[in-house]
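Below, each chain spelled out in residue letters.
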Amino acid sequence: MSSHPGSHEDMSEENLPSERSDAHDGAVAVAEDPFADPGLPPHQPRRQDIDERAARRSERAVAFMFTLSMVATLGFIAAYSLIPPSKIVYIFPFGHVSALNFSLGWSLGVALFCIGAGAVHWARTLMSDVEMPQERHPIEAEPEVKQKVLADFRQGASESQFGRRKLIRNTMFGALAMVPLAGVVLLRDLGPMPGTSLRHTAWRKGMQLINVNTNLPLRPEDVGVGSLTFAQPPGLNDNSDDYDDVIAKAALMIVRLKPEDIKDKREADWGHEGIVAFSKICTHVGCPISLYEQQTHHVLCPCHQSTFDLSDGGRVIFGPAGHALPQLRISVNDKGYLEALGDFTEPVGPSFWERG
Amino acid sequence: MSTTNHATDDASAPRGKAPAGERLADWADGRLGVYSLAKANMRKIFPDHWSFMLGEICLYSFMIIIMTGVYLTLFFHPSMNEVTYSGPYVPLQGIRMSEAFNSTMNISFEVRGGLLIRQIHHWSAVVFIAGMFVHMMRVFFTGAFRKPREVNWMFGFLLFVLGMFTGFTGYSLPDDLLSGTGVRFMEGAILSVPIVGTYLSFFLFGGQFPGHDFVARFYTIHILLLPGIMAGLLVAHLILVFYHKHTQFPGPGRTEKNVVGMPLMPVYMAKAGGFFFLVFGVIAAVAAVASINPIWEFGPYRPDQVSTGAQPDWYMGMAEGLIRAMPGWEINFWGHTLQLGVFIPLVLFGVVLAVMALWPFIESWVTGDKSEHHLADRPRNAPTRTAFGAAWVAWYMVLLLGGGNDIAATHFHLSINAVTWFVRISFFVIPVLTFVATKRICMGLQRRDKDKVLHGRETGVIKRLPHGEFVEVHAPLDQGQMYTLTQHVQHQPFELGEEVDENGVRRKAGPVTKLRSKLSQGMYGEGSQIPKPTAEEHAEITSGHGHH
Amino acid sequence: MKKLSVRRRHPLAALVVLLFALAATGGLYAAFAPAEKAQADSSQSLAIEEGKKLYSVGCATCHGTSGEGTKTGPSLVGVGSAAVDFQVGTGRMPAQQPGAQIPAKKVAYSQAQIDQLAAYIASLGPGPSVPTKAQYSPGGADIANGGQLFRTNCSQCHNASGKGGALSDGKFAPTLQGVTPKHIYEAMLTGPQNMPNFPDTTMPEKDKKDIIAYLGEVDSGKTPSEGGLELGGLGPVSEGLFGWIFGLGTLIAVAVWVAAHTTKARKS
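Protein chains in written order, with the numbering used here: chain A, 6 to 361; chain B, 584 to 1131; chain C, -15 to 252.
In short, the hints are calculated from the structure, not lab data. Note that CB positions come from ideal geometry on N, CA and C, so glycine has one too. A hint or two may mislead.
Said to hold, decoys possible - Which stretches of chain A does chain C cover? Using the computed rule of at least three CB atoms under 8 Å from a CB of chain C, they are: (1) 42 to 51; (2) 97 to 106; (3) 179 to 185; (4) 204 to 218; (5) 228 to 234; (6) 327 to 340.
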């Protein structure tokens, strides 16, 4: 009985359960090689294997779990039919939860878990737990098989005359390469061409700045220092179909700084007595950026923490945004309302290849 | 003896009782050849180890996702048409929202059990991808990706990546404020792709963001395209697991040429089948007690609204960390803009994942190992691989922290800028530190193994010798343990060899070969493994001490 | 006692004594400071007088002897009584220490004292005054409209259900749970610390009321969390942690049981 790690051919033989008691006589092997594989240890019986009463207990436990599962399923049906979805109950420590969700979840959970627990307990305590080896076979084919396959392939290839008739081969490759183009072309109508649509917003010269909260035009005296107001172009109705598309670019954030706090000259010029209007859309990936800190004049994006300085032309001072927040040029019209002096002069929102 | 009797009882019982079943089997065999299939598989052996069941967690949570997902499609309307909410949830009554959001509200508040199924679906997704992550790490650290399993490793990796995107498209469907912010991010990320980005974005969204199409398109991708591919990969993955037979941990009687365990019929049918119900039961209970994605708290999506704490689900947290830690680089040239602040993270997202996916191929190239491996490595016996894996996990964790930097800041009273800087620096430093530390730990464990084999196990029993010396009694290991600790194969580093061959012809080693030799030295050189004890060393020590 | 005397020469002994002394001083202050109850008086001028006294003891160090402000504290001229009622009524003032942000803590003054302080500060210059109950009580308000307004104006910092969030450089927007309607109203009106203000000109009284009603509905202790544990209302981060620890963690524990060897009849 050689049991060097290298010679595995007879290993599975010696691992057979019937021979195991003899195979475990390891004293001889130790003398030869202290690190030799002693083979599978002999099977040790479980309590349930030798004590029928223990086995009965296991049987009852399994049956109990299956029964519990049945009861839980009935509980599920009962909960479904009796508890209205609006019922809220307080259950410690989960809080005020939906009674229906809680009871359905637990009854379904118990019904399923008990089936699994029963089956596993059955497998673990009553089914045979004799570990047995099974041989593995090499995956690679025998050389004869490989030769046969290669020969078959060559014969098939030559019978097809694929290699000889180059014209057929080349045109076939051409056809196969071209036909997917039909599928690609079909994708064209997934959407319109971008054109210059990303360069413009709904803002036009003379449009009043409409307060999103009140839907009324804003006057300079409405906007105090340290306040934060959101504005949109006039005529927008949040029930209209294209509202989201328009507001996704036109959303405006209006703050008022003390004129002496504004560091950037252009910013001051484009505002009105310290009132400045910036795009609400982050130049990083387009989150509505409006975490305005009125003392530092910083505005932070909640998505990726790009931080802009509204007292310095919307300059980026932290985070992954690549350029300043676009500012909308505003003034006051003859009726005393804030108005835009045109569209943004640069595209709002995230950068894109053609932005330039 | 008693076990033998049991076996015969079990075998004879069904045969006597169910001739109808046998006739059915005969019918099926005549058409499907089931007997030959069953011959190979019915008593197929599976080894027992808890870590071999991680894959089953993934399989079962995937099945749960499919089942609950089918139920959800019965009630969900994948439409972005605007409606006004009039359901029972007061804080949203009269609010404009898409039909997608409205129907998700309906599922959550009016369909009985709808909320439960939604929560099971979403919790299963969280567990599914977490399970795949842990399963993948188990396979990695035990070297179970080696020949012949490299293809299956790739299948598994693809499942992981597709799982992430299926999850993303799934949680975007309700069109709520949180997921809408995520979709907006996706639009920004696509826009950052050079040359084609703008077009890709317009084609995906059917025009400008948000448009009226993405929910319906994501729906098809989420319920048909991605799960279809995943189901195919999953079947292939399982077929290969059956075909290769499972790996096993080394131990007495367990070799490269066998697999030791218990048979499919009946033990694994009960255990694996039962485990499905256990997984489903646990997830149902989790869905009963813990809320997930309560969209009514976020409200419907509007592109000018946002909630702080805008995070993706955990499996996208790594991408989120990359993008949050990235400095704002942007290049303008020739009338074009390259937004590196988004594009680099987008590329790195692929790189971080690819580094892990390609490791098996790098390792087999460096080792030049062409043999099959069916015994799992003990991680300590492959220090370089283990250190690499640990470094990758640490890298991933740093990025996860980066993805939740705002939550970390508020809950640990830190500055969000400080957390971000920590992530930026750790991105480069932590993996290196982890690599070095892990490798040292592995080497230490190898030394301890060697010590145990040669000197036995410390018993904790202190003995006083006649001349007053105190010694701790070491008990020799039994042969099974010695075998387990010494069975592993130790690779020799790949040497470049002589510059001049035996015929005097100069043989130049190309840069690739040189690189391979360098890497091999790093992996298997002196500093990277402790030579395992030899029989001679053992004999010398045991005879020298005079005790057996 | 012997142990103590042995250690009195320990290098750290001085530090321990100092700590004791500090704790005792602070404790005494805490015990006595709020105890000096001022007489409530209906007369406005008397209230201003009392408020001035309280001011010079508790506030003047940072805000200047007559509210003109110093390097450590801003001017209080024109902040109005609403700002005082909010800052002192939520315990933010008097501040414990300078920092990125002054957090809410235990309130140091009685409401009567706060009213006196507010009267004094209001006398320094016109500013928003403390709202009346009719202004902030949420009865009859439009909850859904409040939600819409909240998501437009507030949730970017305070989270969609008012759980709070991070701002730059260690500042944060606090949770709104447990904040009284009056204080929420005052905060919107006055814009404490780095919070911008939302004056009635851009956010009318009714809108503020709607927001308060919405918060009462979605962010009170009795707000149902239909699906079970709210997990802090923080969204996917806490959900992910919960899923890993209790979802996957439980499943792995179950897997360990499924795969473990069954106990043998006798130990080998």
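Verification of the supplied hints:
| no. | hint | result |
| --- | --- | --- |
| 1 | 42 to 51 | holds (count 4) |
| 2 | 97 to 106 | holds (count 7) |
| 3 | 179 to 185 | violated (count 0) |
| 4 | 204 to 218 | holds (count 3) |
| 5 | 228 to 234 | holds (count 6) |
| 6 | 327 to 340 | violated (count 0) |
Checked against the numbered hints above, the structure breaks hints 3 and 6 and satisfies the rest.
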